[in-house]
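Given the coordinates of chain A, assemble chain B onto it according to the supplied hints.
There are 2 protein chains.
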Amino acid sequence: MKLKRSSRLVDMTAYLLRHPHQVISLSYFSERYESAKSSISEDLTIIKENFESQEIGWLQTQAGATGGVSYLPSMGCREAEQLLGHLQKQMAQKERLLPGGYLYMTDILGKPDYVNAIGRLIASIFIDEHVDAVMTMETKGIPLAYAVATQQNVPVVVVRRISKVTEGSTVSINYISGSSRRIQTMVLPRRSLKAHARVLIVDDFMKAGGTMKGMANLVAEFGAEVAGVAVFVETKDEHPKLVDHYVSLLKLSIPGQKEMLSIENGNVYKWLSGAGTLESRT
Amino acid sequence: MKLKRSSRLVDMTAYLLRHPHQVISLSYFSERYESAKSSISEDLTIIKENFESQEIGWLQTQAGATGGVSYLPSMGCREAEQLLGHLQKQMAQKERLLPGGYLYMTDILGKPDYVNAIGRLIASIFIDEHVDAVMTMETKGIPLAYAVATQQNVPVVVVRRISKVTEGSTVSINYISGSSRRIQTMVLPRRSLKAHARVLIVDDFMKAGGTMKGMANLVAEFGAEVAGVAVFVETKDEHPKLVDHYVSLLKLSIPGQKEMLSIENGNVYKWLSGAGTLESRT
Numbered sequence: 001m002k003l004k005r006s007s008r009l010v011d012m013t014a015y016l017l018r019h020p021h022q023v024i025s026l027s028y029f030s031e032r033y034e035s036a037k038s039s040i041s042e043d044l045t046i047i048k049e050n051f052e053s054q055e056i057g058w059l060q061t062q063a064g065a066t067g068g069v070s071y072l073p074s075m076g077c078r079e080a081e082q083l084l085g086h087l088q089k090q091m092a093q094k095e096r097l098l099p100g101g102y103l104y105m106t107d108i109l110g111k112p113d114y115v116n117a118i119g120r121l122i123a124s125i126f127i128d129e130h131v132d133a134v135m136t137m138e139t140k141g142i143p144l145a146y147a148v149a150t151q152q153n154v155p156v157v158v159v160r161r162i163s164k165v166t167e168g169s170t171v172s173i174n175y176i177s178g179s180s181r182r183i184q185t186m187v188l189p190r191r192s193l194k195a196h197a198r199v200l201i202v203d204d205f206m207k208a209g210g211t212m213k214g215m216a217n218l219v220a221e222f223g224a225e226v227a228g229v230a231v232f233v234e235t236k237d238e239h240p241k242l243v244d245h246y247v248s249l250l251k252l253s254i255p256g257q258k259e260m261l262s263i264e265n266g267n268v269y270k271w272l273s274g275a276g277t278l279e280s281r282t
Numbered sequence: 001m002k003l004k005r006s007s008r009l010v011d012m013t014a015y016l017l018r019h020p021h022q023v024i025s026l027s028y029f030s031e032r033y034e035s036a037k038s039s040i041s042e043d044l045t046i047i048k049e050n051f052e053s054q055e056i057g058w059l060q061t062q063a064g065a066t067g068g069v070s071y072l073p074s075m076g077c078r079e080a081e082q083l084l085g086h087l088q089k090q091m092a093q094k095e096r097l098l099p100g101g102y103l104y105m106t107d108i109l110g111k112p113d114y115v116n117a118i119g120r121l122i123a124s125i126f127i128d129e130h131v132d133a134v135m136t137m138e139t140k141g142i143p144l145a146y147a148v149a150t151q152q153n154v155p156v157v158v159v160r161r162i163s164k165v166t167e168g169s170t171v172s173i174n175y176i177s178g179s180s181r182r183i184q185t186m187v188l189p190r191r192s193l194k195a196h197a198r199v200l201i202v203d204d205f206m207k208a209g210g211t212m213k214g215m216a217n218l219v220a221e222f223g224a225e226v227a228g229v230a231v232f233v234e235t236k237d238e239h240p241k242l243v244d245h246y247v248s249l250l251k252l253s254i255p256g257q258k259e260m261l262s263i264e265n266g267n268v269y270k271w272l273s274g275a276g277t278l279e280s281r282t
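Chains as they are written, first to last, in the UniProt record's numbering: chain A, 1 to 282; chain B, 1 to 282.
Chain A with its partners taken away, still in its complex shape (with noise of 0.2 Å):
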């Protein structure tokens, strides 16, 4: 279809935000509107102006023969601190404290605008980790982890506690729960990683961490290796965490045995500055 600029900007912005992390060369949207490369360059000049401008991510050109142009989605600090500040408002609600210092935050991981906000800003801290696959377990941290994996484009592996019928040979690994030190098992299918991989480990909730420390076990066990550990909610605990390197979004304490609770920044900020987020490539 021979398209004007007008049209094609309109495409081509939308082709780009419905395929992030995928090289597209010059030449497919070249003769997808029948338009010169030196047009579809000069859109794409607009486009990536526009993306960085608003901080919603990167134009990524490769030259040479298999080159092209890829979308990385990202966040901008400005909204990172606006997505925060939000979140921890939500989450602060007396109401949603439980029995066992847990947090009633089904209704906020039910939100797919939400979700989907958590997994960019993740996933903007981790863009430049060429990532492979992310991890989580069953079933709270199934929702982040596709919200991740959708921006960065790769495939999620869910852990589960027993191995279902449904996915063939599994490994398994036991590990001990940091905060109630009971022995527990974790199940993976074999044909779900591959060795050498590049794995995000995920997660909506870490107290003493030993579930994630689990998952790196288990992903040493297919002879991959961690590309990160990104956590929603940690708690502040006197003991550090059974991992390290981690990025929490948020931090929740309970202060003494009173029905209080509170909710500072977790660590992101630091990562924020650090990774492949705006304000480090301008």
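Hints should not be assumed to be uniformly reliable.
If chains are identical, the list can't say which one is meant, so a pair holds when it fits in one copy or spans any two.
PhoX-like, lysine-lysine: derived pairs with alpha carbons at most 20 Å apart [stated by the list, open to error]:
(1) K2 to K48
(2) K111 to K194
(3) K94 to K37
(4) K4 to K48
(5) K213 to K236
Hints are computed from structural coordinates only; laboratory data are not their basis.
The model shown is predicted, which means the values in this text are computed figures rather than measured ones.
Below, chain B without anything else, positioned relative to chain A:
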């Protein structure tokens, strides 16, 4: 920010795609770009034409004081056919057959691009159904449910087999699994569904339909109503399913006792021609 038309088109396209099923007032865009509403209207006409010719959705304009524009994601018949053909081919591999008549599809449901495309197809079919929430049963249906809910901008409620400490008080019902004939339990947090909500039930796999029927009963228990039922893969059986009026994308049959399987289209085409898809609106 004052923007030229070309930049406005890029920005508006990105904004609309990221805010499906939300009414955005013309004033919002007009202030955002410091442009006259007449220019914004012209931009929206260009975007609307493009979205419709590309079959990626509708721009619906509401007149009046609360008026504005909203983007309703959709999938055209051509893209739906391609997607279904592709999935059918992937699923028909003999190695996928597992004991008990199950199918290994963890890899397919692990890929966000497949899952999101399936979600867009299902959302398309129920585009006019005024869905308030998407319901699924843990755990395999969760990614599909979020993919549908993202397109429709509604929350997801996840039904569990046992209640979790992190979800507060719950409502539970017993149901009979259609295929194994065992009595099972399903639970849902009390706070997760409002009376009169219109619920779209989504799952990955349906044999006899007992789980689906259980979920429909659970919806009724909350005083809510079923807006629709959609499943990725159903099995081909002699007996009718325990639920009526469901949408299935693919149909699996395992003829005889041999190690063979065949995958054909589900009843989705019947729905595609009748529902709010592009063909029926143009």
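Status of K48 relative to K4 across identical chains (alpha carbons, at most 20 Å): For K4 and K48, the Cα distance is within 20 Å both inside one copy (19 Å) and across copies (15 Å).
Copy assignment of K94 with K37, given that the CA separation must stay at most 20 Å: Neither way: K94 and K37 sit 58 Å apart in one copy and 44 Å across, limit 20 Å.
Measure nothing new, just compare the shortest in-copy and cross-copy C-alpha distances for K2 and K48 to 20 Å and report within, between, both or neither. For K2 and K48, only the inter-copy Cα distance (17 Å) is at most 20 Å; the intra-copy one is 22 Å.
Given identical chains, is K213 near K236, meaning Cα to Cα at most 20 Å, within a copy, between copies, both, or neither? within (17 Å within a copy, 43 Å between copies)
Is it within a copy, between copies, both, or neither that the alpha carbon of K111 lies no farther than 20 Å from that of K194? between (32 Å within a copy, 15 Å between copies)
Hint 3 from the list above is the single one not met by this structure.
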